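So the protein lines, in turn, are chains A and B. Counting with our numbering, you get residues 40 to 151 for the letters of the first sequence. Counting with our numbering, you get residues 6 to 117 for the letters of the second sequence.
Hint data in this document are derived by calculation from the structure and do not stem from the laboratory. Just so you know, nobody snuck in bad clues.
Below 25 Å or equal to it, Euclidean Cα-Cα: the simulated BS3-like pairs (lysine-lysine) are:
hint, chain 1, residue 1, chain 2, residue 2
1, B, K23, B, K43
2, A, K120, B, K45
3, B, K46, B, K27
4, B, K43, B, K14
5, B, K14, B, K46
6, B, K41, B, K58
7, B, K43, A, K120
8, B, K41, B, K27
9, B, K14, B, K41
10, B, K14, A, K120
11, A, K120, B, K46
12, B, K14, B, K27
Selected chain B positions facing chain A (Cβ under 10 Å, derived; list incomplete):
hint, residue
13, V9
14, Q11
15, Y38
16, A44
17, K45
18, P47
19, E49
20, S55
21, E63
22, L95
23, S99
24, Y107
25, P110
26, G111
Negatives, chain B to chain A, calculated, CB over 12 Å:
hint, residue
27, L16
28, V17
29, G19
30, K24
31, G33
32, S70
33, C73
34, S77
35, N80
36, H82
37, H84
38, D90
Note that the structure is predicted; figures quoted are calculated from it, not measured. Here a beta-carbon is modelled for each residue, glycine too, at the ideal position from N, C-alpha and C.
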Amino acid sequence: GQSLEQPSEVTAVEGAIVQINCTYQTSGFYGLSWYQQHDGGAPTFLSYNALDGLEETGRFSSFLSRSDSYGYLLLQELQMKDSASYFCAVPVTGSSASKIIFGSGTRLSIRP
Amino acid sequence: DTEVTQTPKHLVMGMTNKKSLKCEQHMGHRAMYWYKQKAKKPPELMFVYSYEKLSINESVPSRFSPECPNSSLLNLHLHALQPEDSALYLCASSPGATDTQYFGPGTRLTVL
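If we strip away everything but chain A, and leave its shape as in the complex, we get (with noise of 0.2 Å):
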């Protein structure tokens, strides 16, 4: 079966940085994407590694070893409204369709 981990909560201070990690288990990888959802709001795609590495986007980074099945998303400079729950995803392609299926999230909480 697939599945993917997460930690379900992380805590960190402001300015300071964290690193959200996750690993998975799926039968064929296309590649790992992380989502942000605030509360009440919806989630939004912040970042995809097909390959193994870093890729930078402003003050996130996401990485990924496919040789471990594992892969992270490093927040720095946190700011408060990084506060939000943050989903690691993966597409996973069945016999007769394709479907993305979300970790379970790990909840974000900056404190000043």
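Put chain B on the given structure of chain A with help from the hints.
Below, chain B without anything else, positioned relative to chain A:
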């Protein structure tokens, strides 16, 4: 146009009512999705439409009935819902079924 729109934003209905949720995208995406999300949980996939045809039904009760009138529109018809169906209903679209998904703002549904 790079957004997914959903109406209504909020909906309160009784268990005997019939209502519909609407979703629209004009990005030319060929895959559209309905998700249900409870508080502090990841989005839970309900239905996937690919090229206007239902490709995945995640064993959703028949009181939820999806419809895809054309490539830009997706409806979710609701009938005889239960209080436990109260949740945030999210629509999403993607270029293909394993590509990055773009979410609408959601409909907050309350069943009395």
